[in-house]
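Using the sequences provided together with the hints, build the complete structure.
If you want the building blocks of each chain, they are given just below.
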Amino acid sequence: MAYEQRQNYEREEPQSQDMGSDIDHDKKRSIAIPGEIIKTGKEYLPGDGTRREGDDIVASRFGLQDEYNRFIRVIPLSGVYIPRRGNLVIGKVLDITFNGWIIDVGGPYSAFLMINEYPKYIESDDLDSYIAIGDLVLCKILRTKRKGLDLTMKSRGLGKIDDGMIVQINSNKVPRVIGKEGSMINLIKDATKCDITVGQNGIIWIKGASVSEELKAKEIISFVVERSYVSGLTEEVKKYVAEMNK
Amino acid sequence: MSYIKRFDGRKFNEARKMTAEVGVIPNADGSAKFSFGDTIAIAAVYGPKTLHPQHMQNPQTGILRCTYDMLSFSVSERKKPGINRRSQEIGKIIEWALSPTLDLEEFPNTVVDVHVMIIQANASTRCAGINAASMALAQAGVPMKDLVSSISIGKLDKQLVVDVSKEEEDYKEGEGATDMAMSFLSNSDTLVALQLDGKIQPNTLKEAIKLGKEATKEIHALQVKALKDFMEKKQ
Numbered sequence: 000m001a002y003e004q005r006q007n008y009e010r011e012e013p014q015s016q017d018m019g020s021d022i023d024h025d026k027k028r029s030i031a032i033p034g035e036i037i038k039t040g041k042e043y044l045p046g047d048g049t050r051r052e053g054d055d056i057v058a059s060r061f062g063l064q065d066e067y068n069r070f071i072r073v074i075p076l077s078g079v080y081i082p083r084r085g086n087l088v089i090g091k092v093l094d095i096t097f098n099g100w101i102i103d104v105g106g107p108y109s110a111f112l113m114i115n116e117y118p119k120y121i122e123s124d125d126l127d128s129y130i131a132i133g134d135l136v137l138c139k140i141l142r143t144k145r146k147g148l149d150l151t152m153k154s155r156g157l158g159k160i161d162d163g164m165i166v167q168i169n170s171n172k173v174p175r176v177i178g179k180e181g182s183m184i185n186l187i188k189d190a191t192k193c194d195i196t197v198g199q200n201g202i203i204w205i206k207g208a209s210v211s212e213e214l215k216a217k218e219i220i221s222f223v224v225e226r227s228y229v230s231g232l233t234e235e236v237k238k239y240v241a242e243m244n245k
Numbered sequence: 000m001s002y003i004k005r006f007d008g009r010k011f012n013e014a015r016k017m018t019a020e021v022g023v024i025p026n027a028d029g030s031a032k033f034s035f036g037d038t039i040a041i042a043a044v045y046g047p048k049t050l051h052p053q054h055m056q057n058p059q060t061g062i063l064r065c066t067y068d069m070l071s072f073s074v075s076e077r078k079k080p081g082i083n084r085r086s087q088e089i090g091k092i093i094e095w096a097l098s099p100t101l102d103l104e105e106f107p108n109t110v111v112d113v114h115v116m117i118i119q120a121n122a123s124t125r126c127a128g129i130n131a132a133s134m135a136l137a138q139a140g141v142p143m144k145d146l147v148s149s150i151s152i153g154k155l156d157k158q159l160v161v162d163v164s165k166e167e168e169d170y171k172e173g174e175g176a177t178d179m180a181m182s183f184l185s186n187s188d189t190l191v192a193l194q195l196d197g198k199i200q201p202n203t204l205k206e207a208i209k210l211g212k213e214a215t216k217e218i219h220a221l222q223v224k225a226l227k228d229f230m231e232k233k234q
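Top to bottom, those sequences are chains V and L. Count the first sequence with numbering that gives the first Met the number 0 and you get residues 0 to 245, in order. Count the second sequence with numbering that gives the first Met the number 0 and you get residues 0 to 234, in order.
Misleading hints may appear alongside valid ones.
When the alpha-carbon atoms are kept at most 35 Å apart in a straight line, the in silico DSBU-like pairs for lysine-lysine are as follows [claimed, not checked]:
id : chain 1 : residue 1 : chain 2 : residue 2
1  : L       : Lys48     : V       : Lys38
2  : V       : Lys38     : L       : Lys212
3  : V       : Lys159    : V       : Lys179
4  : V       : Lys238    : L       : Lys224
Estimated spans, in silico, between C-beta atoms of each pair [as the list claims (entries may be wrong)]:
id : chain 1 : residue 1 : chain 2 : residue 2 : range
5  : V       : Leu214    : L       : Glu105    : 34 to 44 Å
6  : L       : Glu88     : V       : Leu214    : 50 to 60 Å
7  : V       : Ile132    : L       : Ser71     : 33 to 43 Å
Hints listed in this document are in silico derivations from the structure and should not be mistaken for laboratory results. Since the structure is predicted, the reported quantities are computational estimates derived from the model, not experimental observations. Beta carbons: idealized from backbone N, C-alpha and C, even for Gly.
Shown next as structure tokens:
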């Protein structure tokens, strides 16, 4: 995979990486407990993690309450990764079948990368010379099915990962690591000169010029994850980075 | 002589000192600890994850699987480790108490594993276990209708008491001891599980359920507080 291609990919990414990162860090939100009535009134509509009971909007998940254009939703901050179509994910190859690869991307189901979703034509008896068991791959979720996921590699920047460093975090903290319109991730990229790709499943790929820079990026990421609930986090990270550079 | 004063001096409708804490096992998707006095239960939740063996999978919904066990040092007489008839039964009871609140239709062919461990036992272990498991499920982000709160109601001779201790469980005088473990959904006042060990009259049972409903309100409030504290600690 050409480095340049990946750069382009990073640039066009914000629309899809931004998913869920429209969270305003500076606004303090109240906490939603399952079964708790969040809002009362017919004018409100139940969004993710909520349901309607009569006039009430009731939480069905544990997380933070959020209101957006009459839509009430609960933003979860813990739990397993729930795959969505279009998500960029990093997974590990579990098995090879006659027509593709079975990939573990975390979450409830394993994913399948079909041979014709590989960027170029491959003979079906030659699969493991391209991607072997245990390899890490950067893919996009093509569709979510009732009993699994289909992945694709046919997009710029996607492919096998063969260098750099992998960091795993809770998938619910991905929006914090990316930040509003990618502010946080760009901050980390600028500070460390590393190329960072964040999978929506919580697996992060860091690729830098040297291991020490990669470790620095890793350290900043764990700083962000530990303080993912702090408001005004970007400022704190800036301070932390300045401290590091001293 | 009938039971007119409780052994530990509590009021008849007073539970032992309760504590609740969320996020005690960092490795799990969700975890919690709950205690009634000396009874301490911890619960860990893993999943939803693909269920194996495959023949157990349900293509219409995810399933709940609970295990319960007492650690060998949880009682003064060492408990032989591992599952036995009693722990299997209580695991099933916990499963029945929790499943009405869960909504796993989004995750067909999966399982949510709940492991309840009793680290110190002094009666009412299954209630403490259910309370902990309910909080752990919430933390694991499993879609659920409500939190489940559970309490044991005892009838010692003719007297109804809330939150039975070991000493009371072994009460022999008069009509002896009857122990009822009951679980409620607090927001909707629904009784989701009731177990009865002993003898009781129908009208007394109604009274006991009423008493249990009142007592679980307090537990529910504590569970909510523990969940909020967990979130706020991080904010």
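task: Could you tell me which of the hints above the structure violates, numbers in ascending order?
output: none
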